[in-house]
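Student: Using the sequences and the accompanying hints, generate a full structural model.
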Amino acid sequence: MNKEARLKATINQKLTETGERERLKELLRAKLTECGWKDQMKAQCKEVIKEKGLEHVTVEDLVVEITPKGRALVPDSVKKELLQRIRAFLTQHAS
Amino acid sequence: MSPAGCPHVNGFKVDNWKQNLRLIYQCFVWSGSAETRKRKAKSCICHMCGTHLNRLHSCLYCVFFACFAKKHIHEHAKSKRHNLAIDLLYGGIYCFMCQDYIYDKEMEQIAKEEQRKAWKMQGTATQNTTHDKPPSELNPNGIGEKYSTWEPTKKELELLRHNPKRRRITSNCTIGLRGLINLGNTCFMNCIVQALTHTPLLRDFFLSDRHKCEMQSNSCLVCEMSQLFQEFYSGHRSPHVPFRLLHLVWTHARHLAGYEQQDAHEFLIAALDVLHRHCKDDNGKKANNPNHCNCIIDQIFTGGLQSDVTCQVCHGVSTTIDPFWDISLDLPGSSTPFWPLSPGGEVSVLNGESHSTGATTLMDCLRRFTRPEHLGSSAKIKCSGCHSYQESTKQLTMKKLPIVACFHLKRFEHSAKLRRKITTYVSFPLELDMTPFMASSKESRMNGQYQQTVDPFNNDNKYSLFAVVNHQGTLESGHYTTFIRQHKDQWFKCDDAIITKASIKDVLDSEGYLLFYHKQFLEYE
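Each protein sequence line maps, in turn, to chains A and B.
Quick note, the numbering used here runs 141 ahead of the 1-based positions in the first sequence.
Quick note on numbering: the numbering used here labels position 6 of the second sequence as -2, and the sequence is numbered without any gaps.
Hints listed in this document are in silico derivations from the structure and should not be mistaken for laboratory results.
Since the model is a prediction, treat every value here as computed from it, not as a measurement.
There may be inaccurate statements among the hints.
Stated by the list, open to error - Just so you have them, the derived chain A footprint on chain B, three or more residues with Cβ under 8 Å:
hint	region
1	25 to 34
2	83 to 95
To be verified - Quick list of simulated restraints, FRET-style, between CB atoms:
hint	chain 1	residue 1	chain 2	residue 2	range
3	B	P421	A	K193	43 to 51 Å
4	B	S369	A	I227	53 to 61 Å
5	A	Q225	B	Q101	34 to 42 Å
6	A	R147	B	L152	52 to 60 Å
7	A	S218	B	L152	41 to 49 Å
Positions of the beta carbon are idealized from the N, C-alpha and C atoms, including for glycine.
Tutor: This is the structure in structure tokens:
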């Protein structure tokens, strides 16, 4: 693993250990619901299910189709806020 | 994705499988305690590529973690013939034979329980961390209770079976309509209560029990409102006696106490104020800025009024924005002149109507309200650009529209000489578009776009009338009644204890004192 990957792993470990990861996940969940992203994704999923047919569609189909759209549709304000929180956490736990 | 479940789990469901599965959830999926979190942080990485991302899964048959995206868990499944794996992010169970996530009832039950347990533990565990600024939206102790959709328990199913009577809301049912007994000139209170109990967002807030009271005493007005909504939607047809509400109003708004007739508008503002203050207490977080609290009253009723003062010499503009719960509109016939609408008397044609003849309309009143006004030589203001006192013009526009807009037609004149009621008829519409009165519209007007074409696709500023409070009689002795709207187009007249059906014509022909409009389209922020 190169240096960057090792750094990422360390940060992830710290986030998980302190429970901050879960808190951030919940914050993100709330923000994405509030701004309508969740509803947009729900609608997209319905489209895919219609396309593939209810009997044949798999979770994988949905993941493959929805993931790029989902990533693109996250509002910048939400990204900013989460980044701020992570930064604050890292400064607090710098070692 | 067969709803019948997956036959391949039967191979897994042997010996102590439930306990083993629980352990996996507790340790690797939803780690509630500090030590399980530590273990998860250390050990949950792909055994083949070392990543902690890419949809990590754990094999259900042996201790093996691998990522899904690079198909590392698939390789393991194939080589070891271990056909089940669990997604460490969401707890879903994947069957490699079915090639999809499967939903086994027993396993789902275990997953739900473990998730709830972990959430509860997160709540208490965080008090030991150095994390001192929890996100304001969440429970200050941690994450709080996980939302799960309601499913009836066995006991609840029994109850539902034993009580087969159901209340069905059809398109012409009148639930929510109830008369109010007049307790001695209390029609000023009754008429407002009728308007509030028929405000859809407020009704939804109270009927879904969203008020969690933290007041120690019994004098919380929000609790009483909650009770009131229960009474109104109970299905009882006999009029309700609002003595407790009246008592609380007397307690919290002393200036309205007594058996004299009071002003319904004053009562509305006082009631909103007390509700807003009592609501602030139960938000968990205290509002830092009293003008920006997030209580239900502010969410529904608070708008922003922009006031622009323009210096006539240097043309510098000083802007302030103040919150408002209602818009009080002057009427023709009062001692302050109504026409012309603006200095120079420009004739503006809006929505096809001109103001030279015919009845005054609500639009006329709003145009007057938002016209630029010369403040005169006796009211010079200190201009920060010129550093001296100069003449100026002032203009009001709407910066932010509330979800419910209340218009107060100033029919009661209390000047030094006169005390009288202005009975000028003002015609008001069923549907209202507030676009011309917005601060943003004014800016585009100033940039040279004089002709305001109403954009049919912009729905932000469109309102529908849903309640009208009327005053009959004189200043000394009068009576208040309310027209309220149910469903899409059914109107009822609420006259204290008497509720009668009304036509749209009755409503629009009435004099109008307080007009309640509701936004037609609710958007995410």
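Student: Confirm or reject each hint.
Tutor: Hint-by-hint comparison with the structure:
Under the rule that three or more residues need a Cβ within less than 8 Å of chain A, the assignment of the region 25 to 34 of chain B holds, with 6 such residues. For the region 83 to 95 of chain B, the proposed coverage by chain A is satisfied: 4 residues have a C-beta within less than 8 Å of a C-beta in that chain, meeting the threshold of three. The given range of 43 to 51 Å is respected by P421 of chain B and K193 of chain A, whose C-beta atoms sit roughly 48 Å from each other. Between S369 of chain B and I227 of chain A the C-beta distance comes to about 59 Å, which sits within the given range of 53 to 61 Å.
Here the CB-CB span from Q225 of chain A to Q101 of chain B is close to 38 Å, well matched to the stated 34 to 42 Å. Distance hint check: the CB atoms of R147 of chain A and L152 of chain B are about 57 Å apart, consistent with the given range 52 to 60 Å. Between S218 of chain A and L152 of chain B the CB atoms are about 44 Å apart, so this pair conforms to the stated range of 41 to 49 Å.
This entry satisfies every hint, going by the numbered hints stated previously.
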